[in-house]
Structures are given as structure tokens and as C-alpha cells.
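Enquirer: Here the structure of chain A is known, so what remains is to put chain B in place on it, guided by the hints.
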Amino acid sequence: MVRTPGPCRPPPPMTAPSIFCLVKGRLPWKAWIPGRREMKFLYPWTSVILSQAAEKKNDSFDLEELQETDLEEQFVRGHGPGGQATNKTSNCVVLKHIPSGIVVKCHQTRSLEINRKKARDILQEKIDVFYKGQNSDILKQREELERKKQEKRKKARENLERKKLLKEKQLSEEGN
Amino acid sequence: MHKTSIMLRRLLVNVTPFWVHQRGLRTRDMTPGLLVSHWQKVFQDHQIPDAQDSSEILVSHALGAKTFRLIPPALSQRPVSDHQLQRIERMGQQRLQRVPVQYIIEEWDFLDMTLLMRPPVFIPRPETEELVGLVLADGHNLLSSWEPRILEVGCGSGAVSLALLQRLPQRSAPRGTLRVCHLSLRVSSRIENFLNCGFNCSSDIYQVFLFCLFNPSHPPDPPERLRPFGLIDTIVSNPPYIFTSDMSQLDPEIYRYEDHTALDGGPDGMDVIKGILRLAPRLLKQDGDVFLEGDPRHPEMLSQWLTRNPSVQLRLISTVRDFCKKQRFVHLRRS
Chain A
1 MVRTPGPCRP PPPMTAPSIF CLVKGRLPWK AWIPGRREMK FLYPWTSVIL
51 SQAAEKKNDS FDLEELQETD LEEQFVRGHG PGGQATNKTS NCVVLKHIPS
101 GIVVKCHQTR SLEINRKKAR DILQEKIDVF YKGQNSDILK QREELERKKQ
151 EKRKKARENL ERKKLLKEKQ LSEEGN
Chain B
1 MHKTSIMLRR LLVNVTPFWV HQRGLRTRDM TPGLLVSHWQ KVFQDHQIPD
51 AQDSSEILVS HALGAKTFRL IPPALSQRPV SDHQLQRIER MGQQRLQRVP
101 VQYIIEEWDF LDMTLLMRPP VFIPRPETEE LVGLVLADGH NLLSSWEPRI
151 LEVGCGSGAV SLALLQRLPQ RSAPRGTLRV CHLSLRVSSR IENFLNCGFN
201 CSSDIYQVFL FCLFNPSHPP DPPERLRPFG LIDTIVSNPP YIFTSDMSQL
251 DPEIYRYEDH TALDGGPDGM DVIKGILRLA PRLLKQDGDV FLEGDPRHPE
301 MLSQWLTRNP SVQLRLISTV RDFCKKQRFV HLRRS
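Protein chains in written order, with my numbering: chain A, 1 to 176; chain B, 1 to 335.
Everything hinted at is true.
Here are the in silico distance ranges between beta carbons for each label pair:
#, chain 1, residue 1, chain 2, residue 2, range
1, A, E64, B, P79, 43 to 51 Å
2, A, Q141, B, G64, 28 to 36 Å
3, A, K152, B, Q77, 21 to 29 Å
4, B, Q94, A, K167, 51 to 59 Å
5, A, G101, B, R282, 53 to 61 Å
6, A, K140, B, L306, 50 to 58 Å
7, A, N159, B, Q97, 56 to 64 Å
8, B, R256, A, Q141, 47 to 55 Å
9, A, G80, B, Q97, 19 to 27 Å
10, B, S335, A, V76, 36 to 44 Å
Hints in this document: simulated from the structure, not taken from any laboratory. No residue lacks a Cβ here, since even glycine has one placed at the ideal position from N, Cα and C.
In isolation and in its complexed conformation, chain A is listed as follows (with noise of 0.2 Å):
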């Protein structure tokens, strides 16, 4: 599944800069359990990080990478001595690619650091399908993954109809 990464069409033009708040309701916890997932840290240090662990990225997709220049980060907290003489726990990250415009929130956990990862992952994510759309592989993963749980349903449907069936062809049995 492994694609290169074809070269990048420019963006459409856009009226408005347009705003992506994360829908998903809950998080997967158990994927942050302390070693199970190899953490990557931010910007500029994390050169080293960064590399190590994209080679161990498991998923079969090639996105392409961000680049830290196009991006604009904000951040609720504030602005204030910071360090030790700031105690605030709005960890709210709001971060905007510059050349599509497309601006991603995220304030899924307690720790600004990851947040400000998974605001990178998401809109990683979300560039891919802005740039390739049908084509995206995340878009074809997303409507394999639809098209599998209604699979599923249509299988437990008809497993309850048969056994319905079943049911009621025994009772019409002993009535007899």
C-alpha cells in the first residue's frame, strides 16, 4: 500500500478560511498507554525524534509532511510570564496551514504537548484530503471502514431473520 507522494496540486482558491473542529467524541486512551506508542515531540528539536519515529509509523499511508514554516499556532493560554509563574489549564491548541487555510482545534487531552501533536496529526490528515480528494487514502480507508460496518450490519440482520425463522418454524412444530 505503500504510494510516493505525488507533487502537490496547488490549493484551490478559497473565499474564506475555513474552520475544522474535531468531531470524534472520545478517544482511543489505550493507545497512550505509557510505552506502547512511540512519542514524538515538536518543533525545532525534534529532528531526531521525529525521524526515529516515522520510520516505526505503522500506518500504511504516506502523507506528506508538514512543514513547520507553513504553519501559524495559537494558543488559549494566553499571553503571560509563562514557566513557572503561569498555572493555567486551558491547553487549547488552534493551528492554521497557511497556504490552504484550513485551521484545525484541538483540545482532546490535559497535555498541551500532545495536543499540539494530534493538531498536527489531524490536520496532516486533513490537508491529504484537501489536496488529493477522491484520491486521498484516507478518504478510501474511511469509506472501506463504512462500507465494512454495514457489511456487519447487513450480516446481523440476517443472522436475526433466520433465527427468527428458525424460532418460529420449532414453535409452529411443537404446536403440532
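Expert: This is chain B only, laid out in the frame that chain A set:
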């Protein structure tokens, strides 16, 4: 009429007006969402910072979730139980006294770990998460060493050490790590954190918990006591670095509830930093690293201090900015 007023007064004796307000609400109908907006308004009216976040976190905590989004849909549509309502009420009252949210719920996240936060343990800040990343990215000695030894000075909740232990190759952890703290008071919360993260209490890392290097009220332990463990690869620390003159301007959450020994760095914010730097050349291996978090003014002051004290054989490798683009971290190396 008389009876009701007596009843009312009885209710009012020990309670604040918020209780009354709460009682006025039809508790049967309070779903988590309504509770969040209710407390958010109360916090806003009392000028509590982070009103929305505080209220969301307290309500979710009472329902057993980490964030408001993580409350299972089944729970978020139903009214909360009386017990949960009382708990939220108690926590809300604490927040109105400006107790930090992390101390109210007694836990907080550091990277992918959830750590116990009981006073007076210092609440780790998001900048310190970046310190861990910096150590792992730039501490080449550490990653290449067969049995790496790390010294963390002033480990607070143990967040940095734990994060490093989990991310270093397995062959090194946990034997190779030393920690130094200066208050035995904080140990209980920290040991629980270590246990929760799956480290074995009987291993020898705990023998060095009670080293006392910089506590003014105790005579310091001589650094020679660290010698039996061998020379150290990396010293990492988030020492107290706030200038004493800035202490009074801190938010009440910090000034009233967090331990000042973890915050106050003396007149120039460098008391403990200088202590670490004087000590480092004696403890470090050749080319061993020192990673420190500090105030944005410190890198400049630090390089001046190093030129004034040539006997301290350390050289400044780099200063690194935090996510707010402030000069926050320094990387020094024994020359």
C-alpha cells in the same frame, strides 16, 4: 411561616450563597452540560481565571472523565446523581478560593502520563514537557551510553524523571537513574506516581530520594555521596527560577497554594541554578550535559556568570525557545 424561616436560617448558617443558589436549581434536571455552564457563570462572576476550563474539568472529573468531550454519551445526556452534584459543589467552592484545578482533582497530565498532584508538590507546566523533548533530542551522550545516569535536581512530582525513564531504551531503566530532591515532604505523592507508572519500588532508585543539596534549612549533603553511583551523563532540572521581586505578582493560585521553595529562585532567580552549575563539573562525565529550564532573562545572565567564574568548567551550547517563543531552556556541557 415562622417554621420555614427557621428552616431557612438553619440551612444558611454554614453555607455560602452559592449553596443556596445551587439548591434553587432543580437538581433533578442537571445534566453535565447545564452544570458546566452554571459553574462557568459562577466562576466568571467571581473573576476566576480559566472559568470555562475549570468548570468543564471539575464536572468531567466528578463523572470520571478527563475532559468534557470524553464523558460517555450515555452519561452526558442524563442528569447527574446527588452524590456527583455534591462533589462538584465541593470542588467548585474550592475553585472559588482560587485553589489550582490540578490540586482540586489531585491529578494532572504530563505528556501521556497522568500524575498525582497533592500539595505541596509542584504542578508541572507545559514548558517542562518540552524540556523532556530537548533532553531526548540533544542528549547524545545519554542515548549512546550503555548505562546512562541522570541526575534530576528538584524533581517535584517526578514528571521529568518518569517521562525520561519511559522513553530511554529499556536496557537503561530504571537502574541508571538518580534523582535528588530537597524535601522529603513530597516523597509520598511522588512514590505513588512511580508506582502508578509501573516502576518497582524496591529498586535502588529510591535510595537517593533524600539527598539534600540546596535546602537552606538543612546542612547540605556533600555531593561526594553521589560518587558511589558513578559519574553522571546528564543533569536535568527545572529549578526554582522566579525572581524574588516577582513573587508578589504571581496569581493567587500559585502564590497561595504552591510551594515557594519550588518557585523562588532568589534575588536574581539563579540561587539554585548557580548551585547546580558549581556542582556539575564535579559530578558529570567528560562532555556530560546540563539541561535547565529558566526565566527568559537567564540565558544572558548565565553566560555572563560563566565568564565571571572560569573555574566552573561548563560551556553554553545553546539556548532554546519554548512554544511561546520565549528563551526558556539552556543546554550546557562540561568542557
